[in-house]
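**Q** Sequence:
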Amino acid sequence: MQNQREHHVRKRDSVRDLFSVTGFLLTRHWRDGPGGVELVFWAHSSAGPLRLVFRGQQVVCFTPADTALDPADLPGLRLERKRLRLRALDGPPVDGLYLRHQRDLGRLRAQAASAGIPLYESDVKPHDRFLMERFITATLEVAGEAVERRGYLEFHNPGVRPAACEPHLSYVSLDIETDGIDWGDPIHRPVQQERGNDLHAGRGGALGE
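Numbering of the sequence shown is given in this note's numbering, commencing with residue 110 and proceeding in unit increments.
Hints are computed from structural coordinates only; laboratory data are not their basis.
Hints may contain errors.
As the list claims (entries may be wrong) - Label-pair distances were calculated between CB atoms; the ranges are: (1) Ala-177 to Gly-260: 28 to 34 Å; (2) Arg-212 to Leu-278: 31 to 37 Å; (3) Pro-158 to Arg-194: 35 to 41 Å; (4) Leu-283 to Gln-167: 30 to 36 Å; (5) Gly-260 to Tyr-229: 39 to 45 Å; (6) Gly-260 to Ala-219: 40 to 46 Å; (7) Asp-232 to Ser-279: 19 to 25 Å; (8) Arg-192 to Ala-247: 22 to 28 Å; (9) Arg-192 to Ser-279: 45 to 51 Å; (10) Glu-242 to Arg-187: 29 to 35 Å.
Each residue gets a CB set at the ideal place from its N, CA and C atoms; glycine is no exception.
Work the whole structure out from these sequences, hints included.
**A** Structure, rendered in structure tokens:
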């Protein structure tokens, strides 16, 4: 495993040489950055933990092509409207509405609702759309220049595509919502032990070996 990791890390020294690795997605996050939306994914791989950073991403939703929506009529929003070869579920063609930040999408939704303008898929989060458009669910192949950090490898705007792999995970993290649960009810009492694994109840729990 160590030799394999060293082999992967050495390839990052050359910008022209691409390093390719298959990983299993664990977490995903987004935030508004100076140049657009920034997406961060963490993945498990045979080369160690992977941190994938994608900067400058756009936010997109859709509206019927015959909607009277002119970006110039929305002051304060950097909105671009594009004709697409897509249709809504009920058949009519749709246009894409592209924005730089997620906060701008919130403002667009509010203005569209007050004006009676329909928007489609405006509730899809940026990181989910990124994966959906690339047909990625859990496993993916990453290709790009890897930078070795302390305990993980980091990629910036790498190429990604669906892949198949069987990860060998050691731990599972569980987030258990317990607000409003009456522990006096036998049905809702926390399970203390099952098959030798301890499950700790509360706002968050961990199931380990």
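**Q** Now tell me if each hint is right for this structure.
**A** Hint check results:
1. Checked against the given bound of 28 to 34 Å, the beta carbons of Ala-177 and Gly-260, roughly 53 Å apart, lie outside it.
2. A hinted range of 31 to 37 Å for the beta carbons of Arg-212 and Leu-278 is consistent with their spacing of about 35 Å.
3. Judged by the Cβ atoms, the range 35 to 41 Å given for Pro-158 and Arg-194 holds: they are separated by roughly 39 Å.
4. At roughly 34 Å, the beta-carbon separation of Leu-283 and Gln-167 lies within the given 30 to 36 Å, and the hint holds.
5. The hinted window of 39 to 45 Å between Gly-260 and Tyr-229 holds, with their beta carbons roughly 41 Å apart.
6. Distance hint for Gly-260 and Ala-219: a CB-CB separation of about 42 Å, consistent with the stated range 40 to 46 Å.
7. The hint said 19 to 25 Å for the Cβ distance between Asp-232 and Ser-279, and at roughly 35 Å that hint is violated.
8. Arg-192 and Ala-247 have their C-beta atoms about 34 Å apart, which leaves the hinted 22 to 28 Å range violated.
9. As the Cβ distance of Arg-192 to Ser-279 is approximately 49 Å, the hint placing it in 45 to 51 Å holds.
10. Remark: the range hint 29 to 35 Å for Glu-242 to Arg-187 is contradicted by a beta-carbon distance near 21 Å.
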